[in-house]
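All chains should be modelled from the sequences, with the hints used to inform the complete structure.
Heads up: the protein sequence lines correspond to chains V and A, in order. Take the first sequence: its letter number 15 is residue 15 in the working numbering, and every next letter is one higher. With the second sequence counted from 1, adding 64 to any position gets you the working numbering.
Derived by calculation from the structure, the hints in this document are not laboratory data. Glycine included, each C-beta is placed from N, C-alpha and C at the ideal position. Treat the hints with care, since some could be wrong.
Pair ranges (Cβ atoms, derived) [said to hold, decoys possible]:
(1) A:A249 - V:S61: 23 to 31 angstroms
(2) A:D260 - V:A52: 58 to 66 angstroms
(3) A:L243 - V:N57: 20 to 28 angstroms
(4) A:L425 - V:P30: 51 to 59 angstroms
(5) A:G154 - V:N57: 53 to 61 angstroms
(6) V:N57 - A:V238: 45 to 53 angstroms
(7) V:G42 - A:D165: 33 to 41 angstroms
(8) A:T320 - V:P30: 58 to 66 angstroms
To spell it out: a stretch of chain A is covered by chain V in this simulated footprint if at least three of its residues, at any positions, have a beta carbon under 8 angstroms from a beta carbon of chain V; those stretches are [said to hold, decoys possible]:
(9) 356 to 366
(10) 419 to 425
(11) 450 to 456
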Amino acid sequence: MNKDLTEIDAYWARLVFSGKTPPLRQADTPKAVVQWLTHQRGAIGYMERAQADPRFNIVFSLEP
Amino acid sequence: MKSGFIPWLLLAMSLAPARPASATEHDAGANNRFALQGFGTLGIARADADDPQFVRDLTQPDGLTTEWSGKIDSVLGIQANYRFSDAWEGVLQAISRYRHDGSFQPELSWAFLRYDPSPSLGFRAGRLGTEFYMLADSRQVGYSNLTVRPPVDYFGSVVFSFIDGLDVYATTPVGDGLLRGKVFAGFSPEKTAFTDGISWDLTGSRMVGGHLDYLSGPWQFRLGHARIRFNKEAPLSSLAGFDIVAMEPELSVVDTWTQFNSLGAVYDDGPLQVQLMLSETKHETASYEDTRAGYLIGSYRLGHVTPYLGYSRSKSSRSVLDTPLPEPLGSFTSQLTSATHTDQHTWFLGARWDVRQNLALKAQVDRVEGRANSVFLYRGDNTVPGWNGRMTVFSLALDFIF
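This is how it looks when you write it as structure tokens:
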């Protein structure tokens, strides 16, 4: 992908505000992200790298 | 990664096959069903001439002068999404921008129900943004675009923002890439500016169209077609002061089709992005000249700043009447149709600075080089003495989403 965060935000803004996709779901806690990902087959989410245990595949990594 | 810089996000676009909705509802919680978001632009711009007036698009009744003005690019939009289930969603969007009657009165720009029975097929019904050209349905969302405004040579004559109707979209893998298609049909609920002080009622005009996209690696291609059949006469006779359309029926637009054919290609690889679009607009009515347009934009991201350079062009061909009226009416009708003449190109240079997440500042200079008879894409007095088809426009825009 080789995109920075603002480019991803701009891309999502295009999708959301042209009605192509629902807005991103925001979890209340990091734990909820893990819970959602483990219960939803094929789901994709953002999390801190430290939480990415072997149950998950890392498809993209955002650098600081 | 800075702690707290990235909120805890889940991509709602799940790749999973259809499954019971209850699992998601349980995990997502009720507060995730409803989302309220917005976008906006605070834009100021000025030109180096008072007439004719540069506009963002021809829905606007008047445009820039040599004074800085916030009217042509400033926009505020609010959108509510409600997710009934994984497959059903409702969306409402209202937008306030400088419109045909010279006000910023908000309009309902999207209001639809969406049904996605699978990740590769979907339907929407209600009020929908028109996608006559690639990126056209997000052209008011400055934050999602690179330039201050969509190139006027290309998008300026598209006065259709939404339809009341439906669309169907589908996606399938082909080769190494993805083939995506959409068809739409509906009726216009809009009015547009015709000249300053006179609006053209487009309501009830039938619009149909569709496009095919092919996405592969850094490439994205689009082949598009859209057409509109006008329901009401353009106010040519109000402009003339007598019923010119009755005397010259070839000027009538009622029940005539206008077609928009387009090609688009985007190359997007890391910091480098190149966009190329070409279009052809054909009218059955003789009151508008047929036009070809295109643009090319290249940009390269350097950290938080993305400089860009663009070139756009629009050129129309003279409208010829089969049975011209005798003089002096013949010359008069030629004057009316040549008000839709364009023959110009524009160089634009600018930069987008992503100040922080969800906030971008842009600066842009446009240099329009045209013939003196290139007047279509302007408002104001286009018969002003000394007009040579050349204009410089300076723009600043602050784009945000919330």
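Against the structure, the hints come out as follows:
no. : hint                               : in the structure
1   : A:A249 - V:S61: 23 to 31 angstroms : violated (43 angstroms)
2   : A:D260 - V:A52: 58 to 66 angstroms : holds (59 angstroms)
3   : A:L243 - V:N57: 20 to 28 angstroms : holds (26 angstroms)
4   : A:L425 - V:P30: 51 to 59 angstroms : violated (32 angstroms)
5   : A:G154 - V:N57: 53 to 61 angstroms : violated (33 angstroms)
6   : V:N57 - A:V238: 45 to 53 angstroms : violated (25 angstroms)
7   : V:G42 - A:D165: 33 to 41 angstroms : violated (48 angstroms)
8   : A:T320 - V:P30: 58 to 66 angstroms : holds (59 angstroms)
9   : 356 to 366                         : violated (count 1)
10  : 419 to 425                         : holds (count 3)
11  : 450 to 456                         : violated (count 0)
Hints 1, 4, 5, 6, 7, 9 and 11 from the earlier list are contradicted by this structure; the remaining hints agree with it.
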